[in-house]
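Novice: Chain by chain, the residues run as shown.
2 protein chains.
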Amino acid sequence: MPEQKPETRPDPNAVPVAVVSRLSLYLRELQHLIADGKETTSSSQLGRQLGFTDAQVRKDLAHFGHFGHPGIGYRCDELIGAIRKILGTDRQWRVGLVGIGNLGRALLGYRGFEQQGFRIVAAFDNDPVKVGTLVDGVEVCSLEQLGETINQQQIELGMIAVPAPQAQQVADVLVAAGIGGIVNFAPVTLRVSGQVCQVGVDLARELEQVTFVVSNRIAGS
Amino acid sequence: MPEQKPETRPDPNAVPVAVVSRLSLYLRELQHLIADGKETTSSSQLGRQLGFTDAQVRKDLAHFGHFGHPGIGYRCDELIGAIRKILGTDRQWRVGLVGIGNLGRALLGYRGFEQQGFRIVAAFDNDPVKVGTLVDGVEVCSLEQLGETINQQQIELGMIAVPAPQAQQVADVLVAAGIGGIVNFAPVTLRVSGQVCQVGVDLARELEQVTFVVSNRIAGS
Numbered sequence: 149m150p151e152q153k154p155e156t157r158p159d160p161n162a163v164p165v166a167v168v169s170r171l172s173l174y175l176r177e178l179q180h181l182i183a184d185g186k187e188t189t190s191s192s193q194l195g196r197q198l199g200f201t202d203a204q205v206r207k208d209l210a211h212f213g214h215f216g217h218p219g220i221g222y223r224c225d226e227l228i229g230a231i232r233k234i235l236g237t238d239r240q241w242r243v244g245l246v247g248i249g250n251l252g253r254a255l256l257g258y259r260g261f262e263q264q265g266f267r268i269v270a271a272f273d274n275d276p277v278k279v280g281t282l283v284d285g286v287e288v289c290s291l292e293q294l295g296e297t298i299n300q301q302q303i304e305l306g307m308i309a310v311p312a313p314q315a316q317q318v319a320d321v322l323v324a325a326g327i328g329g330i331v332n333f334a335p336v337t338l339r340v341s342g343q344v345c346q347v348g349v350d351l352a353r354e355l356e357q358v359t360f361v362v363s364n365r366i367a368g369s
Numbered sequence: 149m150p151e152q153k154p155e156t157r158p159d160p161n162a163v164p165v166a167v168v169s170r171l172s173l174y175l176r177e178l179q180h181l182i183a184d185g186k187e188t189t190s191s192s193q194l195g196r197q198l199g200f201t202d203a204q205v206r207k208d209l210a211h212f213g214h215f216g217h218p219g220i221g222y223r224c225d226e227l228i229g230a231i232r233k234i235l236g237t238d239r240q241w242r243v244g245l246v247g248i249g250n251l252g253r254a255l256l257g258y259r260g261f262e263q264q265g266f267r268i269v270a271a272f273d274n275d276p277v278k279v280g281t282l283v284d285g286v287e288v289c290s291l292e293q294l295g296e297t298i299n300q301q302q303i304e305l306g307m308i309a310v311p312a313p314q315a316q317q318v319a320d321v322l323v324a325a326g327i328g329g330i331v332n333f334a335p336v337t338l339r340v341s342g343q344v345c346q347v348g349v350d351l352a353r354e355l356e357q358v359t360f361v362v363s364n365r366i367a368g369s
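So the sequence lines, in the order shown, correspond to chains B and D. Throughout, this note's numbering is defined as the position within the first sequence, counted from one, plus 148. Throughout, this note's numbering is defined as the position within the second sequence, counted from one, plus 148.
If you're looking for bench data, these hints aren't it; they were derived computationally from the structure. Wrong hints could be hidden among the right ones.
Since the list gives no way to pick out one identical chain from another, each pair is judged satisfied if it fits inside one copy or across any two copies.
Unchecked claim - Keeping only pairs whose Cα atoms sit at most 20 Å apart, straight-line, the calculated SDA-like set for lysine to any residue is:
| id | residue 1 | residue 2 |
| --- | --- | --- |
| 1 | Lys186 | Leu338 |
| 2 | Lys233 | Arg365 |
| 3 | Lys207 | Val167 |
| 4 | Lys207 | Lys233 |
| 5 | Lys278 | Glu177 |
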């Protein structure tokens, strides 16, 4: 039987961002199937649930290896393991969260992170009233301790949840402290040097996907 | 001079989701350019800032019409107007938010929504302590008032920010009340009938994009 795991690490620059983004969707759907008691699936079933064609699913996965079994399809747990390995979430990542307002508190309590392999191990805020308190079991440190704490606690990823005008400054401190990647929740585009992987979370983007469909449906009906 | 606006409404099913998603990115980048005092741009400049090729930018926009001017490129404000019209955000949308925990409060305070044309006009929670209070100027109603309020207040979109186990039930009530579209922030996949456009916001997805790049870089170096 052929080896089902990816044989070589993909070049992250050679794989379209959209493919990586769909891997996350496949992973969630597979986790959902497992929770429903399903052991195997097919590219057409996986695609149908998510609104993609089976060809799209096969093409996306073909970037990373061959994962199907003749006459069986995909084994859900095996494909989950393979995708997590590709995404790098087959281990836990240590995350530092900057900004403990409502959004920061929501992120600290968000169950979806731990489920997918992310653990917020440190939190930072510049409000002296918050510094030293515990939020969801995580101690809030001052922003001055950011660089030192990132090194001591071996934090690999930073999440930015400060107001937009402060986000760039926080990003600069994270980069200077040697962070590997940044996920920015502030509604502002950050300029970060090419050495650090930075992704912005734009909470209005999904709303725009919905209004695109709803308004064009109304106009077309 | 040719008319620069889209002449016909696109069929929302014929345009790939990824294209719509990139329209949001182009829109943000154009807004950023305007804020920086730039009046015109090109597909290569727009693409470079976002990590896409100029061919990708042109192909995406070509789904909806011709927006460039010979010798000038794109006029930023004109292209912003065209994209907002395509996305349906050239007007304000009335949004109802369900779940006033930390995430709900963060969403109520999130400046990015108003900037892009979304106004949360009603909030709902099943906690009697919260019902009747004002959060960011919006009165919290009980879940029992959901259907009635959606009709009275002409709410078109619902945002779900309740814990995962309650999300499906809330979606069912929103659908029954005749909502046009749903954006789900709970870390769970909803099953919604095809008549209602539903998009899930997966806060771990962007983290996975970052770990993909960071872990494959480490492995490749």
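Novice: Give a verdict on every hint.
Specialist: A quick look at each hint next to the structure:
no.: 1; hint: Lys186 - Leu338; in the structure: between (42 Å within a copy, 18 Å between copies)
no.: 2; hint: Lys233 - Arg365; in the structure: between (39 Å within a copy, 14 Å between copies)
no.: 3; hint: Lys207 - Val167; in the structure: both (9 Å within a copy, 18 Å between copies)
no.: 4; hint: Lys207 - Lys233; in the structure: within (18 Å within a copy, 33 Å between copies)
no.: 5; hint: Lys278 - Glu177; in the structure: neither (38 Å within a copy, 34 Å between copies)
Checked against the numbered hints above, the structure violates only hint 5.
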